[in-house]
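Going down the list, the protein sequences come from chains A and B. The opening position of the first sequence corresponds to residue 158 in the working numbering, with each subsequent residue numbered one higher. The opening position of the second sequence corresponds to residue 16 in the working numbering, with each subsequent residue numbered one higher.
Please note that the accuracy of each hint is not assured.
[As the list claims (entries may be wrong)] Straight-line alpha carbon distances no greater than 27 Å define the calculated DSSO-like cross-link-like pairs of lysine-lysine that follow: (1) Lys247/A with Lys216/B; (2) Lys524/B with Lys103/B; (3) Lys753/B with Lys510/B; (4) Lys216/B with Lys248/A; (5) Lys557/B with Lys661/B; (6) Lys597/B with Lys510/B; (7) Lys103/B with Lys557/B; (8) Lys268/A with Lys216/B; (9) Lys524/B with Lys770/B; (10) Lys268/A with Lys23/B; (11) Lys490/B with Lys524/B; (12) Lys557/B with Lys510/B.
Honestly, the hints are just simulated from the structure, not real lab data.
The lines below spell out each chain.
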Amino acid sequence: MNKTVLTIDDSRTMREMLNMALVQAGYRVIQAVDGVEGLEVLRAEGADVVITDINMPRMDGFGVIEGVRADPAHRATPILVLTTESDATKKERARAAGATGWIVKPFNPTKLVDAIRRVAA
Amino acid sequence: MDPFESIKATFFQECDELLTDMESGLLAMEAGDDDSETINAVFRAVHSVKGGAGAFGLDELIRFAHIFETVLDEMRSDRLHLTDEVAKVLLRASDVLADHVAAARSGGSVDEGRTLGMIADLQGLIDQERAAELGLDGDGSDDGADEDFGFVPIVLSLDEPAADAPEVDVAALMAAATAPAGAPPQATTAAPAWLVTFRPKAEMYAKANETGLVLRELARLGDVEVVVDTAAVPPLDQLSAEQAYLSWTIRLRGEATESDVREVFEFVEDDCELIICRDGEPEAASAETPTVDDPESDAPASAVEAAAAAPLDLEALLARVQGEPAPEAAPPPAAMPQPVPEPAQAAPKADPANMDVAGLIALAEQASLDHVQAAAPPAKTEPKPDPKADARAERTAAAAGATAATPTIRVDLDRVDRLINAVGELVIQQAMLSQRVFESGLARSSDVALGLEDLELLTREIQDSVMAIRAQPVKSVFQRMPRLVREVADMVGKKVRLVMDGENTEVDKTVIERLSDPITHMLRNAIDHGLETPEEREAGGKAIEGTVRLAALHRGGRIVIEVQDDGRGINRPRVRGIAVAKGLIAEDAVLSDDEIDNLIFLPGFSTADVVSDISGRGVGMDVVKRSIQALGGRISITSEPSKGSKFSMSLPLTLAVLDGMVVSAAEQTLVAPLSNIVESLTPRAEDVHLVGGRDAVIRIRDTFVPLIDVGMALGFRDEPLPPASGVAVLVESEGGGKAALLVEAIQGQRQVVIKSLEANYQHIHGVAAATILGDGRVALILDVDALVTTSRRKAPRIEKRMAV
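Required output: the full structure, derived from the provided sequences and hints.
This is the structure we're talking about:
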């Protein structure tokens, strides 16, 4: 039974990157292009792990974290935020909002899968 | 293509889109839009470029994007305010960024000097103290940015076995975990061991981290012995579902380094008490023993020593943690009732120390079951089989549509062309049918005739709709122009504001592709020749910044592109002088202002010494005119001294249909493209002269032009048509040469569907293409250019104006 990962990122490149690495590692991947769509998709399809970018139009990653945590069905769904090394403050903000962990861009597939394994069965 | 390359291609494609978005955002900002969403959008664009570049290790691009992004971030956080100057610097930075992207794509290099200059300009926007804080001071490009950034190219190894997949380890872990059950941690082997004390806080669970998973990851590093400490678990009636009561002590044996161990706890480090030390070191047992009795406190009461109380089987532990407590397992009497199951921190029983492992497992299973029933939506725990791939594709497409406001589909151009062709046939067939029915003597009011009328309307509608498929907004061409304008303006040292209108005006794709060059030329011309230098403008009482307006609009079934400047206007005496000097007009020719203005389109007018300063291109307006005529278009200029000039070019909306004049010659029906026709007239015998005894010329007002007998030129007959018995159609070739085509009669103006002759037969000199008329006959479309050129070759200089 493959785990489903929802990736939310406005960059097509990043979505494809994640998709390639995750599919390769045996996950099922669904995608959304911004926070609003991300929450819609999560509600409609569900996911075992949510990976979200921070800077996005319509709704940013913090909005996603708050939205996921506010949804009783997904209070315990792990959320990983995509961040860059220089974004320490954003990482802290994401943690405070309820992010489970983070992935530092650029990531390599092994690290990505490690991070997911640390938060999802 | 390997997946990595394909993603890279996606990245560059995305870059193009991002750069376009960024530029329109920046242009809006230049126009004074300081809305935070506009600034955010620009920031995101640069950020995404940087992000992707990071993944591919495109260092130069990353470095520049980083500085650019930092400046935009200052704007986002209101530390830098939008001014005209700032907007201009950002626009130029976007150009440099585009250069970097292009260089990264082609593997080429960028203009280092320009980049450094740009970096300095960007840094100049931020005050020095702040720049130092941001690591943007000094030369700003090297170590600072790198350190701050720490980007490393990603190594995407696809050979990496997917065997690391999650499920595998659980079994291994289980196996490993069964052995030490029941025994408190003890140094039993010589292998170095880590002793980890892990005491989660409630916050850790609130963020959806789970002890079980962390422990499992730890178990991947080597052999583990895990002991859970349940001493802090309060009596049942004091148990809070939101609290964390358990802690763990883990002994890890193996080669793992401390940083390996720490990495496992990376996400939870700040939400737990964590002690990692070498086994046997003094801290292990005593260092951290805050005994707090209040179970509601953040630091749950516990002590490592108490671990001895109840060694638990890891398997049971895992099962329980994964399952998460059900409402029954974490009863709510003491705490507020919780409508949803809580994360896995509450202990199942008031006195687990006395509980046997089997009982705990049973409890965990029960809890897990309840939990699933109570809360988990089926989709979450049980991903559906997999018709999902399609659903996903649909969803993504829908999403893309939603963001772009209108849903679109991508269709192979060939298919559209086939459809257009078929519709062309349909139009012809319909016209033929109508004509036959009419000829058969059926009354106009008959059912058949009425039905045909409806069919005709429907056919028109289909034709229009199909043509609209190929129509695209001119935006794709227009959006390249701001940069061009900035560059040309920089080059010639003028200040220019470009205003664009009607970017959404639609026109056939093939026309769009060919609009770029003429527009480019006209803009260059407007900036270089049209606008004055800032000093001249100031002296003339004008705004220092000149305005160039680029507009597109529909007019009379054609698209009109206008390029207007508020510059000096055409210098008529100078233009006239040049034309005379080059022998293009007679010294004493009487020309209206309009005619003088349009002299600049004459071939041979723009020569090197006139256009040398048009950005060194040496391309004259005659070239522009020719390329527009090749598209069936026309160009003209209106000008007012010291107020400016306006170039207007009009083009057909499509190249698949042609506005033609249907004429007959030697009993053949022919079509002359309307765009070539200047006028038509009935020749008088006395106006026609033979040159060299054979080649006729006709005098039209005070000009002589070759008179071409079309019937003979195309070989339909050997004897010339007496000029006076026919009609002369004055045409102008793309090259600007004029000739009169002698035909027998003009039948009328009509829109015809162009059919390639080469594709169906072969090329014939003097014939551009063919079409099928309503009566089913094939009519040839004249290649006016070829006819005129041939006649001019045969009769050189014949057009030369004669002294009156």
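To see whether the hints hold, each was checked on the structure:
{"no.": "1", "hint": "Lys247/A with Lys216/B", "result": "holds, 22 Å"}
{"no.": "2", "hint": "Lys524/B with Lys103/B", "result": "violated, 32 Å"}
{"no.": "3", "hint": "Lys753/B with Lys510/B", "result": "violated, 40 Å"}
{"no.": "4", "hint": "Lys216/B with Lys248/A", "result": "holds, 19 Å"}
{"no.": "5", "hint": "Lys557/B with Lys661/B", "result": "holds, 18 Å"}
{"no.": "6", "hint": "Lys597/B with Lys510/B", "result": "violated, 33 Å"}
{"no.": "7", "hint": "Lys103/B with Lys557/B", "result": "holds, 21 Å"}
{"no.": "8", "hint": "Lys268/A with Lys216/B", "result": "holds, 26 Å"}
{"no.": "9", "hint": "Lys524/B with Lys770/B", "result": "holds, 18 Å"}
{"no.": "10", "hint": "Lys268/A with Lys23/B", "result": "holds, 20 Å"}
{"no.": "11", "hint": "Lys490/B with Lys524/B", "result": "holds, 12 Å"}
{"no.": "12", "hint": "Lys557/B with Lys510/B", "result": "holds, 12 Å"}
Taken one by one, the earlier hints fail for this structure at numbers 2, 3 and 6, listed in ascending order.
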